[in-house]
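Asks: Residue numbers (our numbering), protein chains in the order written: chain H, 578 to 835; chain R, 6 to 421.
Some hints here could point you the wrong way.
Subject to a maximum C-alpha distance of 27 Å in a straight line, what follows is the list of computed DSSO-like cross-link-like pairs (lysine-lysine) [unchecked claim]: (1) K647/H - K316/R; (2) K669/H - K316/R; (3) K769/H - K676/H; (4) K316/R - K682/H; (5) K693/H - K316/R; (6) K598/H - K233/R; (7) K233/R - K316/R; (8) K693/H - K709/H; (9) K74/R - K598/H; (10) K823/H - K647/H; (11) K647/H - K769/H.
None of these hints come from the bench; they were simulated from the model.
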Amino acid sequence: MVDQNSNYALQTSEVYVHYGKKMAINNVALNFPKNEVTSLIGPSGCGKSTFLRCLNRMNDVIDICNVKGKFLLNGNVDIYSPDIQVETLREKVGMVFQKPNPFPKTIYENVAYGPKIHGIASSQNELDEIVKDSLHRAGLYEEVKDRMEDIATGLSGGQQQRLCIARAIAIRPEIILMDEPCSALDPIATAKIEDLINELKENYTIIIVTHSMSQASRVSSKTAFFHLGNLVEYGETGKIFTKPDKEQTNDYITGRFG
Amino acid sequence: MSSLEKRLAAEKRFKFYGMFAMTLSLFFVLILMYKIFSTGSGAFVRTTINADVYFDPNFIEVSSNSSKKEIMKASYVDLADQVINQNHSGLDEENFIKVREMYTRKFDYQLRDYIANNPNVIGKTVNLDISASSDLDQIVKGNYPRNVPEAQRKINDYQLSILDSLDSKGKMSKTFNFWFFTNGDSRDPETAGILGALMGSFYALLICFSFAFPIGLLASVYLEEFVKPGKITDIIEVNINNLAAVPSIVYGLLGLGMLIGVFGMPYQVPLVGGLVLGFMTLPTIIIASRASLRGVPPSIREGALAVGATKMQTVFHHVIPLSLPGTLTGTIIGMAQALGETAPLLLIGMVAFVMEIPGGAFDPATGLPSQIYLWSESAERGFLEKTSAGIMLLLSFLIIMNTVAVLVRRKLEVKW
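Okay, chain R solo, but in the shape it has when bound (with noise of 0.2 Å):
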């Protein structure tokens, strides 16, 4: 074979390499994705029973007249009970509580938030789509088989007739589970939402930006710009290097042990996780905004020396507005990689039970990441999909961003 054939097919044999790790890599893409999607998409759709609901005065404390905030605090338990038993006739006390059971356990709340919106209903009968509990829920998306010992069901063969019985008169349908983007977290996985950890998330990545966006931008303008280049600056440029190698969880010490033991900031807050995602986020950005500060061509600012510019307006006017690009597009990126962060944020405590949706960077939450790590975890089927479900919206969040990333590169670079 003469050199020039081994050549070619040497580098034939080199694309086949790169096609099959293309293809591979794919491949497993592909399957996560299945995996995800086909899991996941259980949770935008929710199981309800069809029910007629009489607001019987006599089981409700409060009357139409009264305010917003005495129906919201009233209790509609009785009346949850007095609307099972109107629709399931003859049942004694065990039947009673194994149909109960076939409804959501927030069933009141759902009553209650009904009256809150529509106060004059009191004392009518109105058709309303009550949400099943998870675990009928399950079964009917066929989550869980049927065809298995009683004592392995979570649903009792009782139950089971119950629910074949309601599906012949057409009572079971299924609706889109607006719940799981408005509402909060929930022990029951049917009322559990996402909006509580987004709301976190959204507020650390705020702080995040707030904090890291312009020191990390001031760092590396005078690094780059006026400090001479010597032994000091070598040091700093490793550590700088070194701490953007540093694992995570390093950055939830940090938070745990200064800003939460040291100056006393609450636990379970984003502004702490905000905080310790932007120390995280800010050798990142530095980084970015170096490597763009450098690819400013020096004739720029031998251009605006020479016209009696100083030193500051000369950076300020010229250097910084055509490296923001760069430096924007490494903090966008270095914010996608925050959102996803998972273990600052078990550190300082964002992972805990959080029913309220946070109203500021004050409040307790959870984020994305841990929100999703705490659902895993929960041993009930119904928190499966919403696992899912949750790491759908936290890669659609992830893929905007960078998107976002690119988006902001092609369109603020400056062409020479």
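Pulled out of the complex, with its shape left as it was, chain H reads as follows (with noise of 0.2 Å):
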């Protein structure tokens, strides 16, 4: 499945997790193409979160958890691989969590610490206006131009995550990863996060994990749907909301089981 066309982010095929003994995602095969979105959704416990997470290695701090399968970065780079550095390929696969976790420093700190330990910006003007471009972006920095230097755990939950995102665009990635980013929101701040993703996509390819069957028709190009680990149906959006291939999909879509 994996072949050199460019025009994906990111290939994986053959891909196997396993906690300790236990199976976690079993020979998944996925394609994200470039500068669209990609939903990742199915019932709890079925893997989306791990698959997404084998993606920019963040399962590599937990002990127990072995990936094993390919994956390949626009094309060429296998992101496994021991010569890659884990901590450059998460300057090109950014990731927005959860829950918002902004760290307990300043708005501007937030932003800007990226930059800094990757040394994106060679002057304190230039780490400025990566900060209020990267903000801009996020749909922030009206909000926040006034109070840079205030903490950023007083911000709203909205607020936070839109944060959580301005900080993992700031290091510029290719590919940002959304972990049910509005899982802990209220709707109005769903809603604008949704409309920023719409507005991410023009430069960044956006894979999304989310529970909300109706967000994922609303922001992403592409569904994949996970099972037990597996991957059971993958397509077009409005195809897999409106006629899934698998008897398996159309139940979970419909709200039989899951």
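Put the complex together from the two separate chains, hints included.
Replies: Laid out in structure tokens, this is it:
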């Protein structure tokens, strides 16, 4: 399934993940087209978050987690190869988590942290510019421009999540992984994030795990349905939600299980 | 009785038990405090005898032009005797000794210090308050009974009559005993002070902190953040918890055997005391620090890792700063415990009689608790109030340190 087609930001095949002896992902192959939003849906425990965390090697932190498979970034970079520094991979593949997790530092420092450690900005002015630009893209700048030195944990949940998105895009990634980014937010904040995702896909490839099928249908062009560690079905979002090929998918999206 | 009534009655009973237990313990604390304060408050007051002191050049080996060093080296015993003869006329040899005993044995030192500070006084007469001896002091304070047979008294009938006549002339008075705060230890209770022990404890705690805090912090960070949990970390964990419960005297033995015995460090110095207290505090710091590292939410680590920070950057930029309030609180509480620890100091010799105030961690010294222990062992009544005053000082330092620990936690704690 892996080919050299560079229309894909990320290609995966033969992915197996084990937690100790327990299998979490069973032979999954998925490709993510560039500058599109792909949703991963499925019932709790189906492995969609585990799969997402493989894509920037966040599972490396978990000792008992064992990942096997092929992961190609831009058609040629094997992200699990020993030559690849995990830090440089994460510079290219950013991540936004389920619960907003800003650092308990100032708003400015939150966004500036990534560029600082990677040495992206060569001067203070450039750093200021990156912070401003990232906050702009995350749709947060107007709300926080007068309180950049306030502690970020004082922001509302929705603002915190957009700050986390700004933090992720400040290091100029190619891909942004989102792990249920709206599950801790109210509907208004959720709508803002969804609008933001629609804007961001111009420049970034976005892979989003979500429990909300309506969200998946609103934001994504491709959808993958996971069940018990297997990839059941993958296709155009419109097709998955109207005429799925598989019985299981149909049962899930019509709410018969899961 | 219905089941609800029974449950409510049980709740009431439980409340009552709790209040009873609290009142009882508060009562005991109050008794302790009352005892310490009523005994110890005397140490802050000193009885003095007013006397005209003629600094007779014939009895002084130095002159106004002598250097301070010479003045400090000279003897003033004869001058002191002369002052007593002038203020109590017509004493025969036997009575002279009795009167001399009413004044502090360090009379000559008091005169020396006065001359050292005012060299021009030689040849002049000055009215001075001379410290009374501790026994006289205790009689005046009422700690020794007067109405017992002479043989059972430290102050004999003749001295009592002199005391009464001085009193009627208004020559007896009491001053604030600043010596207690500025002097080192002394054989004479009236001149004994706590400063030497205080500085000894200070240097020991300084060493203790600079040894135990960095090592404890780094050990806990390594164990909590870097090492893969397994059999070995389990064994280390059990051992750290065990070490925290080891009696302090064992650490004293360790200091004696290893630091003094093997490494040949000097006996009786705050350096060794501080290291021993450091060994003792180390497990406490590690346990507190690990608990507070564990309290940092994993989402913060993930957030830092996800923007491409290395493990080390994640830990040093985010995790340690967030865990520091808890670590510091644990450290201060551990140090407060170390401050009150006596047994290790006894074993490494910080319990000897030291007059000089230590100028550093390498000078012989005692510590606050060992000084209290030393005074409590002394036979003289005058040391009893010093003992209690020492305890008061130790307790106030403990209260200060524990308050600081609470404040540090409140001030630096990050709210989520």
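Asks: Decide if the proposed pair is consistent with the structure: K598/H and K233/R, CA atoms, cutoff 27 Å inclusive.
Replies: The given pair, whose Cα atoms are some 18 Å apart, holds under the 27 Å limit.
Asks: Taken at face value, is the distance from the CA of K647/H to the CA of K823/H at most 27 Å?
Replies: 26 Å, holds
Asks: Does K316/R lie within 27 Å of K669/H when you go C-alpha to C-alpha?
Replies: 18 Å, holds
Asks: Quick one, are K647/H and K769/H close enough, alpha carbons at most 27 Å?
Replies: Violated, at roughly 35 Å.
Asks: Is the straight-line distance between the alpha-carbon of K693/H and that of K316/R 27 Å or less?
Replies: Holds. K693/H to K316/R sits at ~16 Å (cutoff 27 Å).
Asks: Is K316/R close enough to K682/H, meaning Cα to Cα at most 27 Å?
Replies: Holds, at about 19 Å.
Asks: Given the hinted pair K233/R and K316/R, is their Cα-Cα distance within 27 Å?
Replies: Roughly 13 Å separates the two Cα atoms, so the pair holds.
Asks: Need the status of pair K647/H, K316/R: alpha-carbon distance at most 27 Å?
Replies: 25 Å, holds
Asks: Taking 27 Å as the top limit, are the C-alpha atoms of K693/H and K709/H close enough?
Replies: Between K693/H and K709/H the Cα gap is close to 14 Å, so the pair holds against 27 Å.
Asks: For K74/R and K598/H, compute the direct alpha-carbon distance and say whether it is at most 27 Å.
Replies: Since the Cα atoms of K74/R and K598/H sit roughly 83 Å apart, the hinted pair is violated (cutoff 27 Å).
Asks: Does the alpha-carbon distance linking K769/H and K676/H stay inside the 27 Å limit?
Replies: 16 Å, holds
When held up to the earlier numbered hints, the structure conflicts with 9, 11 and fits the remainder.
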